[in-house]
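The chain contents come next:
Protein chains: 2
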Amino acid sequence: MADAPLFDTLTIIGPGLIGSSILRRARQTGTLARHLIAADCSPDVLKRVKELDIADEVTDSLTEAAAKSDAVILCIPTGAIRPVAEMILPHMKPGSLLSDVASVRSTLGPDIRALLPEGVSYVPAHPMAGTEYSGPDAGFATLFEDRWTLLVPPEGISPDAISMMENFWQRCGSRTRQMTDHYHDQVCAIVSHLPHLLAFTICDTADRLSTDLRSDVLEYAASGFRDFTRIAASDPIMWRDIFLTNKDTLLATFRRFEKEAHLMVEAIQNEDAEAITERIKRGRRIRQTLIENRQA
Amino acid sequence: MADAPLFDTLTIIGPGLIGSSILRRARQTGTLARHLIAADCSPDVLKRVKELDIADEVTDSLTEAAAKSDAVILCIPTGAIRPVAEMILPHMKPGSLLSDVASVRSTLGPDIRALLPEGVSYVPAHPMAGTEYSGPDAGFATLFEDRWTLLVPPEGISPDAISMMENFWQRCGSRTRQMTDHYHDQVCAIVSHLPHLLAFTICDTADRLSTDLRSDVLEYAASGFRDFTRIAASDPIMWRDIFLTNKDTLLATFRRFEKEAHLMVEAIQNEDAEAITERIKRGRRIRQTLIENRQA
Chain A
239 MADAPLFDTL
249 TIIGPGLIGS
259 SILRRARQTG
269 TLARHLIAAD
279 CSPDVLKRVK
289 ELDIADEVTD
299 SLTEAAAKSD
309 AVILCIPTGA
319 IRPVAEMILP
329 HMKPGSLLSD
339 VASVRSTLGP
349 DIRALLPEGV
359 SYVPAHPMAG
369 TEYSGPDAGF
379 ATLFEDRWTL
389 LVPPEGISPD
399 AISMMENFWQ
409 RCGSRTRQMT
419 DHYHDQVCAI
429 VSHLPHLLAF
439 TICDTADRLS
449 TDLRSDVLEY
459 AASGFRDFTR
469 IAASDPIMWR
479 DIFLTNKDTL
489 LATFRRFEKE
499 AHLMVEAIQN
509 EDAEAITERI
519 KRGRRIRQTL
529 IENRQA
Chain B
239 MADAPLFDTL
249 TIIGPGLIGS
259 SILRRARQTG
269 TLARHLIAAD
279 CSPDVLKRVK
289 ELDIADEVTD
299 SLTEAAAKSD
309 AVILCIPTGA
319 IRPVAEMILP
329 HMKPGSLLSD
339 VASVRSTLGP
349 DIRALLPEGV
359 SYVPAHPMAG
369 TEYSGPDAGF
379 ATLFEDRWTL
389 LVPPEGISPD
399 AISMMENFWQ
409 RCGSRTRQMT
419 DHYHDQVCAI
429 VSHLPHLLAF
439 TICDTADRLS
449 TDLRSDVLEY
459 AASGFRDFTR
469 IAASDPIMWR
479 DIFLTNKDTL
489 LATFRRFEKE
499 AHLMVEAIQN
509 EDAEAITERI
519 KRGRRIRQTL
529 IENRQA
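Just so you know, the protein sequences line up as chains A and B, in that order.
Per my numbering, the first sequence runs over residues 239 to 534.
Per my numbering, the second sequence runs over residues 239 to 534.
Hints were generated in silico from the structure; no laboratory data involved.
Cβ coordinates follow ideal geometry from the N, Cα and C atoms, glycine included.
Treat the hints loosely; a few may be bogus.
As the list claims (entries may be wrong) - Just the calculated beta-carbon pair ranges, DEER-fashion: (1) B:Q526 with A:P348: 39 to 45 Å; (2) A:D349 with B:Q526: 32 to 38 Å; (3) A:H500 with B:S448: 43 to 49 Å; (4) B:I529 with A:R351: 40 to 46 Å; (5) B:T380 with A:S280: 42 to 48 Å; (6) B:T380 with A:M325: 23 to 29 Å; (7) B:K285 with A:E516: 27 to 33 Å; (8) A:A490 with B:K285: 39 to 45 Å; (9) B:Q408 with A:E516: 39 to 45 Å.
Whole structure, please, built from the sequences with the hints as guidance.
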């Protein structure tokens, strides 16, 4: 027999790429929730969710949706999580669960735990999945399959609530692991935030070239540059918020990167063939381990 | 009727990824040359070429191969082109053609033109194609299809010789264009060399992390980082030579990039949300143009 739904009523606030993928998964499997609400303040988004028929109910009242729900997942830009949580939490039922999918934690955990009404739990989780597209049309039910979802519950949250969310993400197809906010942000600074900062910057540098050179650069974009432009195609508001929220860790990671980049530039400047080769080989070692881990 | 072969005897010096792809293409189409010679100083490479049966003849004598050929293409690391050209050119027949596939030009063009015996032409070309693999097993006949091959003949080379090489690369499936060495190197610094420098460096930075963090970074490698590791997987010797040969243009391009990176870091440091978004959006603009150009 199929698993009974984990929740009775589930609200997704912000049915974009991540949110609409959860809704599609819930619809397709029937094991996440019996009744699905999509809440958003944009009428266009709600209209589109209706047309796509991926929720049982759509509403622009976040508080009303929250009041009816056993679980609410905030799938909105990082910078909006705190104010929206503050607005909806007083309306949430005892025994219900708040989550978000923010890709940077910073002090979100303790900040939101401090706002929790009696009996409401907060178990945020970061699904490490995505594409460069956004909006309700961009989602798909298999987005989280075989991807990591990192659970980052603040201290003092009930183990039962944590297990529920772990189960939720496993039913979405994810592998799950639990870690602290700080460690999460360190890992993400190097696997995701710094690569994006560099990709945005190299594309920006190309955009500022003289007109002729810019157009030829685009014409002859070889794989290296093309890969960067794909990374750089991601949503600007989301990434602005990520950079701001993970500011300290990201800038510290950038400085480590910059130090290494200067050592490489110096080796090239001094025509130190051995040092250049050594640095290139270290990069390849990482690739090798990724291949061994079947992540490449 | 099929086209007659362009050349009678063609020698590929260095049957690696690029060289063995030319050989496979020549074998498959029959329109590039009647007789194919693979020359290399490594017995292992020659043995493998024989096993793969992608040449009519293999030899470790580069000068003997050159003496018999109507065209010789050097598919060897950039740094080896000048000495090998110097060694084989005195043996080449009048009316024959020397080429190479170096991805950086620097002063190769005028340097080698100065060494040309009477009646021998030099028409180098850079096929903008490749994978992260190398060696005779890595090649395939369609590697150059729909990719640009940039012809960079030095001044004073006969138009007939240039047409021959243009025809050659078009028969390999490439789109071709002719440009100066200097312009070529500027374009490649940004579309290829700087992306590789950054990719090697970010992978190197990751490799230097503490053991725990390094292993988790690898475990959770999201798409951004994974893309960088793919770029960073390329051949160290080839890239060392590219960096050294295009030193001045690459370092100038790096400095432009670094200036932009600092402006982004400063915007994050100052929490200047508008400046961050503006910079991210510029990067996306480049991606949009690539999509319009059908290069994405």
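Going through the hints against the structure:
{"no.": "1", "hint": "B:Q526 with A:P348: 39 to 45 Å", "in the structure": "40 Å, holds"}
{"no.": "2", "hint": "A:D349 with B:Q526: 32 to 38 Å", "in the structure": "37 Å, holds"}
{"no.": "3", "hint": "A:H500 with B:S448: 43 to 49 Å", "in the structure": "21 Å, violated"}
{"no.": "4", "hint": "B:I529 with A:R351: 40 to 46 Å", "in the structure": "43 Å, holds"}
{"no.": "5", "hint": "B:T380 with A:S280: 42 to 48 Å", "in the structure": "46 Å, holds"}
{"no.": "6", "hint": "B:T380 with A:M325: 23 to 29 Å", "in the structure": "57 Å, violated"}
{"no.": "7", "hint": "B:K285 with A:E516: 27 to 33 Å", "in the structure": "30 Å, holds"}
{"no.": "8", "hint": "A:A490 with B:K285: 39 to 45 Å", "in the structure": "51 Å, violated"}
{"no.": "9", "hint": "B:Q408 with A:E516: 39 to 45 Å", "in the structure": "40 Å, holds"}
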